[in-house]
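Number of protein chains: 2
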Amino acid sequence: MSDNPFAVVAKPGDKLGELSTPRPIIDEDGLAANIARVQSYMDSHGIAFRPHIKTHKIPALAAEQVAAGAKGINCQKISEAEVFAAAGFDDILITFNILGPQKLERLAALNERIGGLKVVADSAVTVDGLSDWFSARKPLVVLVECDTGGGRCGVQTPEEAVSLAGRIDKAPGLSFGGLLNYPKPGAAKEVQSFLSSALALLENEGIACPIVSNGGTPSLFEAHLVPAATEHRAGTYIYNDRSMVRAGHCSFDECAMHVLATVVSRPTPDRAVIDAGSKALTSDLLGFSDFGSVVGYPDAVITGLSEEHGVIDLSKCSGDRPAIGDKIRIVPNHTCVVSNLFDTMVFHRDGVVTRVEDVAARGLVW
Amino acid sequence: MSDNPFAVVAKPGDKLGELSTPRPIIDEDGLAANIARVQSYMDSHGIAFRPHIKTHKIPALAAEQVAAGAKGINCQKISEAEVFAAAGFDDILITFNILGPQKLERLAALNERIGGLKVVADSAVTVDGLSDWFSARKPLVVLVECDTGGGRCGVQTPEEAVSLAGRIDKAPGLSFGGLLNYPKPGAAKEVQSFLSSALALLENEGIACPIVSNGGTPSLFEAHLVPAATEHRAGTYIYNDRSMVRAGHCSFDECAMHVLATVVSRPTPDRAVIDAGSKALTSDLLGFSDFGSVVGYPDAVITGLSEEHGVIDLSKCSGDRPAIGDKIRIVPNHTCVVSNLFDTMVFHRDGVVTRVEDVAARGLVW
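Chains A and B are the protein sequences, given in the same order. Position 54 of the first sequence, counted from 1, bears residue number 319 in this note's numbering, the numbering being contiguous throughout. Position 275 of the second sequence, counted from 1, bears residue number 540 in this note's numbering, the numbering being contiguous throughout.
For identical chains, the list gives no copy identity; a pair is met inside one copy or between any two copies.
With a Cα cut of at most 30 angstroms, we get these calculated DSS-like pairs of lysine-lysine:
(1) 449 to 336
(2) 592 to 449
(3) 592 to 435
(4) 449 to 581
Since the hints were made in silico from the structure, they are not lab data.
Isolated chain A (complex conformation) (with noise of 0.2 angstroms):
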């Protein structure tokens, strides 16, 4: 955290070329107009917004969104949503199985200082483990996750949620919050297809299913095409980055976050070799073959990291190359990855620093 008397201090007023490298930066237009662009996307088509904090793990940001319009948030575990419960948010959605006593206590616990509170569950042994830790007096509410095509968790049938919905309503200490998926890019016709099927088959039942949550940012601006849905979740669309790029959904200029490098060897003309490894950009490829995209040097390739270098081969640059000390950008492939390896996250406009936050819900285990 910001209090340890080895971290490096950046502040307001500082200029990023004094800044030393390596480290994210945020570009406040750039975080301002993505916030916008989507609440404002949602709103056009009355669908609710739940960030996913999971991207930023910084408070401050999530009420930016909140003030925008978003409608509550989204946590990935249950020491994210307990960093944000103690900075006021109230609607926190974990969208993760929580499982075993350890985490299930701090969840009761939650659950008592929030009214707001939902996770998921998609096996009748998650229902069952939360049964056993909630009570009437105040439910927990619990939706059911479905695999529309994701591949990752979820109840692989419409028939199945229904029947895992009707386990959390029979449940005492549990209230059924409705149908989730974990979200397949591009893929808007058949998460459709799955979830209006459930919401059939529940209305047959006779359970109510107050939300159907769709989420990604890949495909976010396909949110409309889910009519089923109620609300959307999305995490990166808040900075952006390559594999957003790839996937459609914004441009270059629209990616807020950039790892400030420097240029540290030149060992041949084609090498260049920079501080910035694979504890500051990750080594999430993503589906690339290389590691970020380099502002300024459209045809310089990341092609290895070790930990704290980047080996970028120059050979196919036609104009400048970088020369040892020069400063240089790099848009990652993967910001959420990113904001996760640094306590700080350093945000500027114009070139000076704004403001230093913590990344406050970063490095807990669990």
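Use these hints to put chain B onto chain A, whose structure you have.
Same frame as chain A, but now just chain B:
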């Protein structure tokens, strides 16, 4: 750090089965054996040993390495060196080209605080930058980094090495400390050839070369095949990981770090989902096509990671398959990057927690 009010605490005496997951754990006996085995090899060949602390970032572990016979430590960035200097370490080699006033100012301050600070350089730009900040009163020791086939930083030829050594030797604030290479596993002959040529040329020039520093864990037990080297650096050997098993350096039984995870979903007969994703295991593949080895399930394949979920393909498992709620252990592909994700590290013996150490040097910007 451990004073974070939201940290989920583990403490001596806790049983591993009671810990919240995901969490890396270190077996005390495995740790001690790894330290002893490598130090014993180095001692038997008369090679000075310099452990790289990037793997663990924990001063107490470096103290164990030094107590076993290591002659000093290796850091990869100034903030690491600052943390370890404050913990009492005096012989610290930072294997990085250090550039820019933000870093050089701190390097100069560190050189006042400890007696045995050393850095590397591979270019005249780096040497001249260092030279500006140090004086004859307390010169900075600088080694020339050589690219002996590793393809990262380093001068490309023995002739370049000697030319840069001469430049360091003539700079009033610097003292030539020797040669260093970024290792290429399995290339002892190549490394020896480069270093011995450079040594002969240095002798011709009348430049003394106190240290010749070779490195790396994968080929660590071939260190004696590079007689030109006076010391060896290695980090990963203290914990070991799946990539070191593949390299032939160790067996799975000698991997002291496991990542403890819980099976949270079994959506299909062939799919298990665990609560360890890229924010626990990292996406480092290091040439593998999957994300770690599942202990006790040799045919299980961790095919994909999202941030807090890992997807395991069980289709090739002939025997038992893990059930929802089961705790499993994973040998990660790369232990050094896993360390870097967690604020604290849990140690255990026979299933009982022995101590919890702050990963003191993680998350620090340079």
